[in-house]
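Top to bottom, those sequences are chains X and W.
Heads up: the first sequence begins at 0 in numbering that gives the first Met the number 0, then just goes up one per residue.
Heads up: the second sequence begins at 0 in numbering that gives the first Met the number 0, then just goes up one per residue.
These are calculated hints, taken from the structure and not from any lab test.
In this text, all values refer to a predicted model and were calculated from it rather than measured experimentally.
Mixed in with the good hints there might be a few duds.
Unchecked claim - Below, simulated PhoX-like cross-link-like pairs (lysine-lysine); rule was C-alpha separation at most 20 Å, straight line:
{"hint": "1", "chain 1": "X", "residue 1": "Lys301", "chain 2": "X", "residue 2": "Lys287"}
{"hint": "2", "chain 1": "X", "residue 1": "Lys232", "chain 2": "X", "residue 2": "Lys301"}
{"hint": "3", "chain 1": "W", "residue 1": "Lys57", "chain 2": "X", "residue 2": "Lys34"}
{"hint": "4", "chain 1": "W", "residue 1": "Lys89", "chain 2": "X", "residue 2": "Lys36"}
{"hint": "5", "chain 1": "W", "residue 1": "Lys225", "chain 2": "W", "residue 2": "Lys207"}
{"hint": "6", "chain 1": "W", "residue 1": "Lys259", "chain 2": "W", "residue 2": "Lys207"}
{"hint": "7", "chain 1": "X", "residue 1": "Lys34", "chain 2": "W", "residue 2": "Lys139"}
{"hint": "8", "chain 1": "X", "residue 1": "Lys34", "chain 2": "X", "residue 2": "Lys10"}
{"hint": "9", "chain 1": "W", "residue 1": "Lys57", "chain 2": "W", "residue 2": "Lys89"}
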Amino acid sequence: MRNAFASEITKLGVEDERVVLLSADIGNRLFEDFKAKCPGRFYNCGVAEANMVGVATGLAMAGMRPVCYTITNFITYRCIEQIRVDVCYHHQPVIIVGTGSGLSYASLGGTHHSCEEMGMLRLLPGLAVMAPADAMEVRGALRAALGQTSPVYMRIGKKGEPVIHETTPDLMIGKAIVVREGTDVCILSAGNMLPTCLQAADLLAANGCSARVVSFHTIKPLDEACLAEAFGKFAVVATVEEHSVLGGLGGSVAEWLSDQPAPRARLIRFGTKDEFLHETCEQESARKIFGLTAENISARLKALWQ
Amino acid sequence: MASSLTTTEDLSRISREIRGKLVEMSHNAGTPHLGSALSVVDILVAAYWNVLKIDAKKPGDETRDRFILSKGHAATALYVTLALRGFFPKELLDSFAQEGSPLAEQPSPNCAPGVELATGSLGHGLPVGIGLALAARIRKMDYRVFVTMSDGECNEGSVWEAALFAPAQKLGRLTVVIDYNKWQATGRSNEIMALESLPAKWSAFGWKTSEVDGHDIEAITRELRKTDNDKPTAIIAHTVKGKGISFMEDDNNWHYRIPKSEEVTAARRELGLL
């Protein structure tokens, strides 16, 4: 996803002279192409995220389309007040991209985990919150974000993740993408959990349970039409994310659900627990700790479906 | 464009008029931060009457100079300045902090013509000002950006992140003015944090730095007019909190105190407005 971001932002920078890329002392070589093709529009803001977000706001106020990029926890937790006051309160079209989201950097330790930021950011008025599933969705999400006149936050993973979509989807903010059709249960996937969700669907299929799999790439605004259909049609709807079950996709859907008159489906949320991960481990092991595996997701869905 | 009212006498009168209005507004609305507002008045007068390339009839003109009052708790001083400078009717000031008024105690986005940024949370003005200045360079425009901060505001980490970044970008058309009245909300700013040697600090961070009497409008004007091609400018303006009213000067109680009606009268008499 990281390389797709660098490639797509370069294309967008060439197409639109208003695009300015800001990074906080990461990705220097990653953006060589952008720097060459968009001279004077890349700024390494140093390890100073609060300033970077303020600078982006000033750029946007003066007609530019800034994109801020660094590791997710630094561009969110560190400077949430700048995102709130500068970007959101002034409703400026700043795009904030966090890389290495969720448990992508599990082995770097808890300072580098980000399993709460979507919950924090989706409370900010006017801010769209996105979690594209693969490199292709990152490209589509960036294009969609640049088409907005309002701020967008986007969490992306790392490099080398499985690519699900064959081409760049015509992605619309707030419009989920059905990746696989099914008739019995529905799996809503946020961000980089989509390959795992498809594997879970395969396991369910082997047990006679047909699962619809949806890339729910926008946590805010919610695709309410998609939710209404899923909760009216299926027996079970699951949310899956590398994020706390509080506040992210699962939390958002639970809030939405509480306002619905009589949904048919029951909701089950897969995500991280309300606790820090202290074990030293890679992403795959971290996911196992929180039950974010195809085996666990399929087994629990099968049990609820039956 | 700069106003034609540029004689020392004219500007002194405007300055006293603003101070008188500030005392009235604090009393009428029951709002604090009067000492902070009185402190910054002469900086605003020098900027708005002598330096800024602005047109009150075209507050959104892309080519305008930008002035950000980052110490948003002194918003009344900005509101009165903008009203006297013709950005909006003076009568609007009477609604200050009343329910339904666009003029809140600290400014909200686009609350009134001429207000560039919603401030009130300290440490936000300079990073945004840097963004405005960078955009000018990218777009090959020649407007200048001015950010006025308080000394207490220099407690904020974001100020020093920005202070490191602007010189690295050689933003010669960015000017910071620090309203250095030596007080913050709860005590002496040089004691609560080690702010002493503020000019040396900004200079060491790579800014072209000067010191000025923050109540000498001509001297402030001279400093504000200077630009440097390679370095951003920091002007440390030595000011007096509560300036202009003898019983408020350098008395930090006026950070929060609200003047009584007899104090309003006494203040206006001292200012030569009665």
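For a C-alpha distance cap of 20 Å, please report whether lysine 232(X) and lysine 301(X) respect it. 17 Å, holds
Is it true that the CA of lysine 225(W) sits at most 20 Å from the CA of lysine 207(W)? Holds: lysine 225(W) and lysine 207(W) sit about 10 Å apart, inside 20 Å.
Between lysine 34(X) and lysine 10(X), does the CA-CA distance stay at or below 20 Å? Distance of about 12 Å is within 20 Å: holds.
Is the hinted pair lysine 89(W) and lysine 36(X) satisfied, with a Cα-Cα distance of at most 20 Å? Status violated; Cα separation ~50 Å.
Straight-line Cα separation of lysine 57(W) and lysine 89(W) no greater than 20 Å? 18 Å, holds
Lysine 57(W) paired with lysine 34(X) [C-alpha distance capped at 20 Å]: Cα-Cα ~36 Å, so violated.
Check whether the Cα positions of lysine 259(W) and lysine 207(W) lie no farther apart than 20 Å. This hinted pair is violated, its Cα atoms lying about 43 Å apart.
Mind checking the alpha carbons of lysine 34(X) and lysine 139(W) for me, to see if they're no more than 20 Å apart? 18 Å, holds
Hint check: lysine 301(X) vs lysine 287(X), CA-CA at most 20 Å. Holds or violated? Holds: lysine 301(X) and lysine 287(X) sit about 19 Å apart, inside 20 Å.
Figure legend: structure checked against the earlier numbered hints; hints not met, in rising order: 3, 4 and 6.
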